[in-house]
Amino acid sequence: LAKTTQPISMDSYEGQEVNITCSHNNIATNDYITWYQQFPSQGPRFIIQGYKTKVTNEVASLFIPADRKSSTLSLPRVSLSDTAVYYCLVVTNAGKSTFGDGTTLTVKP
Amino acid sequence: SAVISQKPSRDICQRGTSLTIQCQVDSQVTMMFWYRQQPGQSLTLIATANQGSEATYESGFVIDKFPISRPNLTFSTLTVSNLSPEDSSIYLCSVEREQGDEQYFGPGTRLTVT
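Chains A and B, in that order, give the protein sequences. Reminder that position 44 of the first sequence reads as 44 in our numbering, one-by-one numbering, no gaps. If you count the second sequence from 1, you need to add 1000 to reach our numbering.
Warning: the hint list may mix true and false statements.
Okay, derived cross-link-like pairs now, DSBU-like style, lysine-lysine, Cα gap no bigger than 30 Å in a straight line [said to hold, decoys possible]:
| hint | chain 1 | residue 1 | chain 2 | residue 2 |
| --- | --- | --- | --- | --- |
| 1 | A | K3 | B | K1065 |
| 2 | A | K96 | A | K52 |
| 3 | A | K3 | A | K69 |
| 4 | A | K52 | A | K3 |
| 5 | B | K1007 | A | K96 |
| 6 | B | K1065 | A | K96 |
| 7 | A | K54 | A | K69 |
| 8 | A | K96 | A | K69 |
| 9 | A | K69 | A | K52 |
In short, the hints are calculated from the structure, not lab data.
Assemble the whole structure, with the sequences as input and the hints as a guide.
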């Protein structure tokens, strides 16, 4: 399983765009990238998933360069309620994945 | 999406006893998993619960300590046996509708061992 590396923490202000980058140098050809969000005392919640280039949904965008050794989760115009831990996972085609240490995002007023 | 409930939501147990945690999904799913999350830390996969057969355990986790059942496609139990204070943690159930799909997580069970 490919190991992921993320910044331990990030600070931002309301209304800003936040970009969280994850490194996954050992990603295999058939692996894909998934991001989860976790609030205190709750289970993680799926945000977005992608294989290459760019994926966008109603809450975030995911940018994956051609070599796929990293990915960037982009959260547009964050609010206080986006304060959470964000996890980057590499998922194999057999469905196996490992949670890394996550990035604690703190959004300030 | 999938709606997942876990029982109990929290419990305080004495060392040497066991706790069984139930995970119920509102629809049939292919994959069910059990995770452990210690305070302030990330999630660690304990095992994959296989319907009708023995669970598949990750390195460092054994069946004698964490017996798992999965009698059908909507229900699973995790037992944490012979409890010690080091077992104090949050235990989470997750599911995938189909293998490789996004995972949906339950609310977790907070276990405290005294």
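Original post:
Failing hints, ascending?
Top reply: none
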